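Student: Start from chain A and add chain B according to the hints.
So the protein lines, in turn, are chains A and B. One point on numbering: in my numbering, the residue at position 39 of the first sequence is 54, and numbering is uninterrupted. One point on numbering: in my numbering, the residue at position 186 of the second sequence is 201, and numbering is uninterrupted.
Worth flagging that the hints you see were computed from the coordinates, not collected in a lab. These numbers were taken from a predicted model, which means no experiment stands behind them.
For identical chains, the list gives no copy identity; a pair is met inside one copy or between any two copies.
Subject to a maximum C-alpha distance of 16 Å in a straight line, what follows is the list of computed EDC-like cross-link-like pairs (lysine to aspartate or glutamate): (1) LYS204 <-> GLU229; (2) LYS204 <-> GLU88; (3) LYS341 <-> ASP137; (4) LYS281 <-> GLU269; (5) LYS204 <-> ASP83; (6) LYS279 <-> GLU269.
Protein chains: 2
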Amino acid sequence: MRIAIDVMGGDHAPDKILEGALQALPLLEPDDKLILVGNKELIAPHIAHTSQHDRIQIEHASQVITMDDSPIEAIRGKRDSSIVRMVKFGKEGHADAMISAGNTGALVAAGVLMLKPLAGVDRPGIACFLPSVKGGVLLCDAGANIQPKPAHLYQYAVMGSIYAKALGKSAPPPSPTVGILNIGSEDEKGTQLVKDAKALIQADPSINFVGYVEGRDIPRHPCDVLITDGFTGNVTLKVTEGFTTAVLQALQKEAMSDADFAVKLKPFLGRALKQYDHEEVGGALLLGVQGLFFKVHGSAGARAIKNAVVAAKAVGKLDVNAAIEKRLAKGA
Amino acid sequence: MRIAIDVMGGDHAPDKILEGALQALPLLEPDDKLILVGNKELIAPHIAHTSQHDRIQIEHASQVITMDDSPIEAIRGKRDSSIVRMVKFGKEGHADAMISAGNTGALVAAGVLMLKPLAGVDRPGIACFLPSVKGGVLLCDAGANIQPKPAHLYQYAVMGSIYAKALGKSAPPPSPTVGILNIGSEDEKGTQLVKDAKALIQADPSINFVGYVEGRDIPRHPCDVLITDGFTGNVTLKVTEGFTTAVLQALQKEAMSDADFAVKLKPFLGRALKQYDHEEVGGALLLGVQGLFFKVHGSAGARAIKNAVVAAKAVGKLDVNAAIEKRLAKGA
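Pulled out of the complex, with its shape left as it was, chain A reads as follows (with noise of 0.2 Å):
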């Protein structure tokens, strides 16, 4: 498998994410090959020292989309960027996953505008893991789609169900459980979008629907799947992070000053981490474009990357994709 690696995107590129994306190597199958999109300058003494030159490929792009740039002028404007460059190289065949750390909108962009929807895809979904004592709620739409119509939110429900059940995340046959993220649980509750949205998925019975969710419920995990709008369900990833790790940073400060407590919480600590570290996760996947296209935090460090790119082989096995045009590609 050929995974390539945007260097240059994300708060701490391009050294965590070369540093990642080495540690990730062994992690592969010795015919693995991992291709680096960026500065070759940049890039060219990090991988001076190891001694696997020939499972890595230098893709050289002189330009950066930067987190201010603005998404669909970036992509038509910075042809020669490293995320223009790495989905283009995508697009001709020469990679079979894609990862980057940098501006989520740009990175929209050119799965839309470049890698195109499957079809039967309106518009690609951001999907990615919310903690929960299951191993996690897949979210979906985590920010791609910020204004989405009821038949986006159905396509994410099947195209979540999907990529969910291939990942093996997910309740007993029939098929992962789906919800909707709502304000209440009662069939009045919410606006026009969510209850639209919910007449659609129930209608279509190959969905495990299991009605509407509240954010309270999320760490019970209450659903496999949780549907929502981009903008919702982006400020929902954000404040879980937020929060979480402010509880959990406040934790390791007490522990700090006291040794025996120190002791005691680290274990605690560990599975903590283990369970609501965003950095464990391995990316966030653009369900709904052409290839495997992954998204990482913009906060990236060097475990961010690696877990990605370790993701990134293990979706690659899955073949999302092929059942989500079976799904729903028209007249199918």
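Tutor: Chain B only, in chain A's frame:
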């Protein structure tokens, strides 16, 4: 001050509501009174043994609005419900503040249809505190108005600033800092609603606007007042509650099997619960209606009700509504 309490609203009504009300009585001033609204047969036994009968008044209501009732129909149809009776009582000037843990939609409907909005306010918003390192970020709207217009968000910014300043929970002068909850801090981020609301808020020099705020930054207190639509606000509030509770409960469970650990953990948990437990916050104010109307969490126990009564007493002294009308009333 006369504080009316809906004894029938909430998951633990009437017992815990009455218990909390009686716990609050000694914390008020000697001439303050409580008006308990609900089924008098259920209330009587609870207050039989108190020595403060002169400070407690029972207003009988034969009906209850449940969580499943459709708000507007319930307010119009259940004229003898504890919510309608309480609000009618307050509107007629017999109570200075109202408190309920009942159906949020019904409370908002009662506030809008019966109490009426303040002069210059188009739609009231629910204002409540999210945990932060500086005593809490005032979130508005937390669920009263799930599809607001930009002008509504502007009014929340004005009302929230006035309320936060009155509470003394704000940055040093000139006035409380105000942020808009968004999916990114950059100008091009967000929905048209967010962008239009930003333009309106920036155009008012009396608002100390600090820009867009991301969910992950809330625990660090990025602003004193955080403005958002009622859908996103309600989800944010519940996600915050769900995940902080999940982490702290996991920690408590851990400590149960280890006495030494439990001892070390106790002071931290005490502080953490003080900061994160919604029962501490004392209820949410329905900001922008005539009168003082507090919504308490549906799962409220005695402590939440007690704190809400104490908070109502404190807010009652501030004359927030007069200040809001002075600022927003047409031609003011």
